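Engineer: Construct the entire structure; sequences and hints are all you get.
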Amino acid sequence: MTTPLLEIENLHTYFYTDNGVARAVDGVSFSVGVGETVGVVGESGCGKSVTALSILRLVRPPGRIEPGSVMRFEGRDLLGLEEREMQHVRGNRIAMVFQEPMTALNPVFTVGDQIGEVARIHANASKREAWAKAIEMLKLVGIPAPEQRAGEYPHQLSGGMRQRVVIAMALVMNPALIIADEPTTALDVTIQAQILELLADLTRRLGTSVLLITHDLGVVAENCTRVIVMYAGEVVEEASTVDLFARAHHPYTEGLLGAMPRVGGEKDRLATIPGTVPAPTDWPKGCRFRDRCPYSWERCAAEHPPLYQIAGGHTSRCHLADEPERRQHPHPPLAAQRGASAA
Amino acid sequence: MTVPAHDATRPLLSVRDLTRHFPIKRGVFGRVTGQVRAVDGVSFDVAPGETLALVGESGCGKSTTGRAILRLIEPTSGAVTFDGIDVLSLDGAELRKLRRRMQIVFQDPFSSLNPRMSIGAIVREGLTIHRLAEGGAADARVRQLLEEVGLRPEYATRYPHEFSGGQRQRVGIARALSVEPSFIVCDEPVSALDVSVQAQVVNLLQDLQRDRGLAYLFIAHDLSIVEHIADRVAVMYLGHIVELAPVERLYREPVMPYTQALLSAVPAPEPGVKRERILLAGDVPSPANPPSGCVFHPRCQHPARDAACAKIVPPLEEKAPGHWAACIKQPPTSVSWEQQQAAGGTKPPEFFLPRAALHRSA
Numbered sequence: 008m009t010t011p012l013l014e015i016e017n018l019h020t021y022f023y024t025d026n027g028v029a030r031a032v033d034g035v036s037f038s039v040g041v042g043e044t045v046g047v048v049g050e051s052g053c054g055k056s057v058t059a060l061s062i063l064r065l066v067r068p069p070g071r072i073e074p075g076s077v078m079r080f081e082g083r084d085l086l087g088l089e090e091r092e093m094q095h096v097r098g099n100r101i102a103m104v105f106q107e108p109m110t111a112l113n114p115v116f117t118v119g120d121q122i123g124e125v126a127r128i129h130a131n132a133s134k135r136e137a138w139a140k141a142i143e144m145l146k147l148v149g150i151p152a153p154e155q156r157a158g159e160y161p162h163q164l165s166g167g168m169r170q171r172v173v174i175a176m177a178l179v180m181n182p183a184l185i186i187a188d189e190p191t192t193a194l195d196v197t198i199q200a201q202i203l204e205l206l207a208d209l210t211r212r213l214g215t216s217v218l219l220i221t222h223d224l225g226v227v228a229e230n231c232t233r234v235i236v237m238y239a240g241e242v243v244e245e246a247s248t249v250d251l252f253a254r255a256h257h258p259y260t261e262g263l264l265g266a267m268p269r270v271g272g273e274k275d276r277l278a279t280i281p282g283t284v285p286a287p288t289d290w291p292k293g294c295r296f297r298d299r300c301p302y303s304w305e306r307c308a309a310e311h312p313p314l315y316q317i318a319g320g321h322t323s324r325c326h327l328a329d330e331p332e333r334r335q336h337p338h339p340p341l342a343a344q345r346g347a348s349a350a
Numbered sequence: 009m010t011v012p013a014h015d016a017t018r019p020l021l022s023v024r025d026l027t028r029h030f031p032i033k034r035g036v037f038g039r040v041t042g043q044v045r046a047v048d049g050v051s052f053d054v055a056p057g058e059t060l061a062l063v064g065e066s067g068c069g070k071s072t073t074g075r076a077i078l079r080l081i082e083p084t085s086g087a088v089t090f091d092g093i094d095v096l097s098l099d100g101a102e103l104r105k106l107r108r109r110m111q112i113v114f115q116d117p118f119s120s121l122n123p124r125m126s127i128g129a130i131v132r133e134g135l136t137i138h139r140l141a142e143g144g145a146a147d148a149r150v151r152q153l154l155e156e157v158g159l160r161p162e163y164a165t166r167y168p169h170e171f172s173g174g175q176r177q178r179v180g181i182a183r184a185l186s187v188e189p190s191f192i193v194c195d196e197p198v199s200a201l202d203v204s205v206q207a208q209v210v211n212l213l214q215d216l217q218r219d220r221g222l223a224y225l226f227i228a229h230d231l232s233i234v235e236h237i238a239d240r241v242a243v244m245y246l247g248h249i250v251e252l253a254p255v256e257r258l259y260r261e262p263v264m265p266y267t268q269a270l271l272s273a274v275p276a277p278e279p280g281v282k283r284e285r286i287l288l289a290g291d292v293p294s295p296a297n298p299p300s301g302c303v304f305h306p307r308c309q310h311p312a313r314d315a316a317c318a319k320i321v322p323p324l325e326e327k328a329p330g331h332w333a334a335c336i337k338q339p340p341t342s343v344s345w346e347q348q349q350a351a352g353g354t355k356p357p358e359f360f361l362p363r364a365a366l367h368r369s370a
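From first to last, the protein sequence lines are chains F and D. Residue numbers for the first sequence follow the working numbering, beginning at 8 and rising by one. Residue numbers for the second sequence follow the working numbering, beginning at 9 and rising by one.
Don't read these hints as lab results, they were simulated from the structure. Remember, predicted model here, so these are calculated numbers, not experimental data. Careful: at least some of the hints might be erroneous.
Just so you have them, the derived chain D footprint on chain F, three or more residues with Cβ under 8 Å [as the list claims (entries may be wrong)]:
#1 200-214
#2 222-230
#3 279-288
Beta carbons are placed, not taken as given, at the ideal position from N, Cα and C, and that holds for glycine.
Structural biologist: So this is what it looks like as structure tokens:
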């Protein structure tokens, strides 16, 4: 692995709601190297988006990053920074690309103004310089007729174009890290292909690191060197992309890969993961995946599994690492045994 | 007129030249200044027990087609025949009667269930309206339906907000099944769900089809799900069906350059296996102002594309048994080379199947 650009250690982000404390991110650690593209996968509610917001310190009350969490970026402790210094990091050094480009853009300003605003705020550019920068960035992200497009409003652009504009905004200050939260989920496949190609090409050329948050394992397979799988607020597996797809260790990862229909794949019944994700206000003791797991045994109820080292650069939060022979004896998961309640 | 039909079996549903245009209104008097041609001459058949998938990108008209068949949106013109009944000529009461046999499952399990009704009441409504069961018999039927879709019968007294997306989609399916239809329009039934839950719902739909002989019109944009569930696939682009073929054939040998690009864009779920990609330039044109001739011609990468493509509207024709496509440059075609030349054509048709279309991961 390359030198770490971002290091997250033991990140806890809790939300203090009327229904109790939602431990959305509950002890997450990982790092992103210089020039690396790391994927974070998991289903809704696993904590992947809250992790992204935490890195930028954009978690709002009732949410809070708990004491003891550590986030180092370019050698600096992000949690120790003043809000003013943090504003400098946001946009300048770390930029974010959101899922829904329409809500990430302001409908009453032209896209040129919005891209230029980044340069005006972060680089004290004059109005003229900012406009020139906006046109340069639009050109960079492959928007035809950038001089004309810069004067248009977001609603005049298609979904794919808007996402290009959002990427252009993210790249204005040439950040070291881009956090892309489901950047293509709202887009059609052919547009998704264009956007991912663009992101890969730009980061290769500019040496930018990317934290790519997605629920789509296909997107991960094609774009990431390393993958982090999250479940119920925790990292449950981390591996190189090749290892993860060839030798998934955690039963949840195994389930995700099995549930994914593949173009050109077998036409059998899809494997499913019975049951649902537990509520973040009430994570079960022991292993949080236990009820849905086809291998679970007594130990899984009693003992919260640590991240076991499986191989170099491959970790898994599953006691199977300790007792691998149990993998030979799968059984219907508890969630399925409980009868017709599975959803 | 010949149309894409499934074998020799009598179709359960047949759709002919279906169009739906939405007027564009301007000014205070709502003057009609143009038409959005959302669905523009769509024809296909669905056989009993068959799954026909309708795929395409957002705005291609696939959902409008599904809704126009059920007359949830009134079609502008065309014909829809369901089991010998002319659907478009029915009045209110007759239509309601027919809806017992044609149902729909919606995409969004959050907005398609009334939050003020219990799950039991939602599933029971159809039984009451169609006078299929009353009182204790209806209660028993509701419990049975919930069990069939994998929900606990005691959930009948709970409300939609107490359920997850996957569970709500099961309620939507139970509601559709309550009136014992033979045909269901599934409008993106799994696209709002997580992967693992998506698989549960797809399996459920397949089990129900096997047990009850249901026919599905499965509307989706996710091509990997479609390959898994469909018997035949129709690809839509800008309100037109551009290709229709049995699923294996469409995925192995897509004839339309648009289908080829669409398939090549699906991310391969295996690291290292990078699918060769046909990147389409630009965006889908507006259906308010579609390109002349072949609607796909401005973005097409067929080597024989020429001026004729901008002039001649390509007919949907049978390129191989059961394999229909609308392209005058992929032989065989009923549009002769002389006709193409008369329209300014300079390149004769030639069979084209780029590597990306053949390069499948398995």
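Engineer: Now tell me, hint by hint, if it's right for this structure.
Structural biologist: Going through the hints against the structure:
{"no.": "1", "hint": "200-214", "verdict": "holds (count 4)"}
{"no.": "2", "hint": "222-230", "verdict": "holds (count 7)"}
{"no.": "3", "hint": "279-288", "verdict": "holds (count 4)"}
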